[in-house]
Amino acid sequence: MIMYLIGRVLQTLLSMLVVISIVFVLTRLSGNPVHLLLDVNATQRDFDLLTRHLGLDKPLPVQYGIYVKNIVQGDFGKSVLSRRPVTEHILERLPATVELGVVAMLLSVLIGVPIGVYSAVRRGGVLDSAARVFAVLGQSLPPFWLGLMLILVFGVILGVLPAGGRGGLQHLLLPAFTLGYFTSAAIMRLTRSSMLEVLGTDYIKFARLKGLHEQIVLWKHGLKNALLPVITFAVLLFVQFLGGAVVTETVFAWPGLGRLILESITTRDYPIVQAGVLVLSALYLIGNLLVDMLYSWLNPKIRYRSTAG
Amino acid sequence: MTWRPYCSIWLVVVLAGALGAGLASAQSPEGTLTVAVATFGNERWLPHLYPGAEDVVLKPMLENLLNRDPKTGALSPMLAERWEVLEGGRAWRFYLRKGVQFHDGHGEMTAEDVKFTLATIAKEGSANSLGPEFRLIKSMDIEDPYTITIHFEKPFVAFGNKVTQGLFASVAFIHSKKYIETVGEEAAERHPVATGPWKFVEHVRGDRIVYEAVENHWRAAPHFKRLVFLKVPEPATRMAMLRAGSVDVIEIGGEYVEELKKVGVRTLLMPNVSWVYVILGGQWPGKPTYDPNVPWALPDAERARKVRLALNLAVDKQAIVQQVLGGLGSVVGAWLTYPTDPWATEALLQPYPYDPAKAKALLAEAGYPKGFEITMNLTAWPGRGYLPDVGEAVATYWEKVGIKVKRRPVDRAVFSADFRARSYAGVTLAYAAPVVGPELWEPLIRAGHTKASVHLFAEHPQLDAFIDRLAIEPDQAERVRIMRDEMVPWLHAYVPGVAIGAAHAIMGVGPRVGEWPLIPGHMGFHNWEYVTHRR
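From first to last, the protein sequence lines are chains A and B.
Residues 4 to 312, numbered by our numbering, are exactly what the first sequence covers, in order.
Residues 5 to 539, numbered by our numbering, are exactly what the second sequence covers, in order.
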């Protein structure tokens, strides 16, 4: 197990190096950010001076070397636009993204799991059909459209929730639902299929034969085992939310990390793009690693199989 | 009866109390005015770090030496209570207002602050759009703490327009020398101070900027206690927030005007704030990137002119103004001229007609009976998000007269790189020039003068000659005559690009917004301190 972990950690570090290298090259291919920092009528001398000041006149391999060396020392550099440490920008935006991600994931689970369970129990019934329609809609409605429709209905027509921006819990509901609806559909389907599998097992039949109440059979014995894949999926989802919420953040004017990266791409703020992608990649890779470890811990069969070789 | 005098006294006391309370509430700012905008620009706070698009979010806090009269557009006092133009425009003397304080007790504004600010803007590497022009300053003399004279090598007759609050991107705001030098640039960026009617409270990058009213401001105490800018990139979200009451003012394009009307949202109009045209790139025969095969830039000037005229006649500009700009504009033939300009005559304002048959005939005469290939860049600029749609519409009209148009969506950064290298020979682009100076030659100093560093327009010795003459002519009446009788007719005959005309801008406002005096021709929000509550 220790060797396995060491191997996975090394793999993760190598993957991150590949990611930052790709991002480094792609951001530089997009052009010189000085074009956007200066007025379009600035002189060539102003342009050259600022390029030199930002270190962008150095050869690319030199810039890359400096960048990797700084990363290893924990220095992500300074924003080309603000000249403030990149870490500051990321830490400024990360809480908003985590907040949105946590609530979106909770909503996904709270909506998806119960519907999945009842859909499995009432297979073929009206509830099951409704749940499957819910799943199809969730996975086909574009978040952009869904977000705007929710704003229109709840923010404008009914006036019960804010139309955008970050604030208290009420500001979170619409963007979290927009983000979470897609995944709640996936969680619902995963829960349903996992539950169907579990409900067909011998120990569930035995529990029923013992005379246990159906609710206890479902929620205590059935769901506990059916949730294993759902939990691991939810952890991955959470990590995806952290970086993949850019559309939702834009529609709701939510000041998260996804929007920061998008804005930095359009302004060619290389250090923020590089650091942002690095942080998200690291979270994703670490998340994957944790999921693997969690799954093997939760599922004794996997541990037994690994031990048995 | 003895109760009557007591009643009278009591009545007087009550009335006096009510009047006093009314006066107090009328004078004290209250409530929050929330504004949703698409961008904050580069979000920098020091004079050599902001190019100019930040104007909208900086103007509440910062002030210029001069302002513009909202009725006449003439220069008016602001931080300078009066000024003199000396030596035919080679010197400008400003007499500063006494007792103007920087926020948070950081001292009085003096001539040292003016000198420091202008020098900072002019220093090399400055991102400020006024940098190249402020480098024309030869010297600055401080006669006393409230008097400063700025000297130029050559007359700079329009210098007053560079230090006025009343134009878009007029970013020569005066900063505190002592504050910046004491706390350092980094700290000054995190907590800027200035002299304006709003003072800085908070800046969360990419999210919000918060200001608070300066209640005993020398010029105008705001009616609202707080002014909050929110960055909301998506126009549909901005409209929803306005309709929901989450914000009071939104920045919105003319393409949404019908939609706003349908839902009963009030709009305020900012007329004649930019001039829309299509740049025909490559008209620089003296430069290395000149391509003599570009149809509208041929060495044969008459053939090239026929092509440029054909490109104009092929386009139904009225339809573009109605459909793309939502009717917010007017088709004008006189280049960079607005209907209210003193050099605009009825004849000059007449647009190039829409005549596709004549356009085809002219192309055939110029040697292109089957048309030719063009690339149309589709690029949006801050505050002018309609430009790619204008470009698309023009491209469609050109295709109807046999020109093959390749569309190239390009973001501003990529275009800026091409533009600087003048590598867009043979490429066209729809552009809207904001009013950065009230006289048409002022934007052309940077956009049409051979000696200027970058060009949006065309290079021509005659254009250079007009600009050189106007830049040093101190008599405004004579400048108007030159523009009316010589420059504008020449531009009209030369046909440097495809002229669409003057565009207006609108903003959406909510029920809390009352009166709001705006300066004519100023693109972008301003005069926040004068916005009243709607009762």
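Keep in mind that the hints are not guaranteed to be accurate.
Claimed, not checked - Facing chain A, from chain B, some residues (calculated, C-beta under 7 Å):
1. ALA240
2. ALA244
3. THR271
4. LEU272
5. SER420
Said to hold, decoys possible - Calculated lysine-lysine pairs in the DSS-like style (CA-CA distance at most 27 Å, straight line):
6. B/LYS102 - B/LYS229
7. A/LYS81 - B/LYS374
8. A/LYS227 - A/LYS208
9. A/LYS81 - B/LYS181
10. B/LYS291 - B/LYS265
11. B/LYS266 - B/LYS102
12. A/LYS61 - B/LYS102
13. B/LYS181 - B/LYS102
14. A/LYS223 - A/LYS213
Simulated from the structure, these hints should not be mistaken for laboratory data.
Given the structure is predicted, the values throughout are model-derived calculations rather than measurements.
We put the beta carbon where it would ideally sit given N, CA and C, even for glycine.
For each hint, the structure was consulted:
1. The closest approach between the C-beta of B/ALA240 and any C-beta of chain A is roughly 5 Å, which is under the 7 Å cut-off, so the hint is satisfied.
2. Interface restraint check: B/ALA244 against chain A, minimum CB-CB distance 4 Å, threshold 7 Å, status holds.
3. Hint on B/THR271 is violated. Least Cβ distance to chain A is approximately 17 Å, over the 7 Å limit.
4. Annotation: interface hint on B/LEU272 violated; nearest CB of chain A at approximately 21 Å, more than 7 Å.
5. Hint on B/SER420 holds. Least Cβ distance to chain A is approximately 4 Å, under the 7 Å limit.
6. In summary, the hint linking B/LYS102 to B/LYS229 is supported, as the alpha carbons are separated by about 26 Å, within the 27 Å threshold.
7. Proposed proximity of A/LYS81 and B/LYS374 is contradicted: the alpha carbons are some 54 Å apart, above 27 Å.
8. Straight-line distance between C-alpha atoms of A/LYS227 and A/LYS208 comes to about 15 Å, which keeps the hinted pair within the 27 Å bound.
9. For the hint pairing A/LYS81 with B/LYS181, the CA-to-CA distance comes to about 26 Å; that is within 27 Å, so the pair holds.
10. Restraint check for B/LYS291 and B/LYS265: not satisfied, since their Cα atoms lie roughly 49 Å apart, outside the 27 Å limit.
11. Restraint check for B/LYS266 and B/LYS102: not satisfied, since their Cα atoms lie roughly 50 Å apart, outside the 27 Å limit.
12. The suggested pairing of A/LYS61 with B/LYS102 is violated, with an alpha-carbon distance near 49 Å, which exceeds 27 Å.
13. With a C-alpha separation of about 17 Å, the suggested pair B/LYS181 and B/LYS102 falls inside the 27 Å cut-off, and the hint holds.
14. Pair hint A/LYS223 plus A/LYS213 holds up; C-alpha atoms about 14 Å apart against a cutoff of 27 Å.
Checked against the numbered hints given earlier, the structure breaks hints 3, 4, 7, 10, 11 and 12 and satisfies all the rest.
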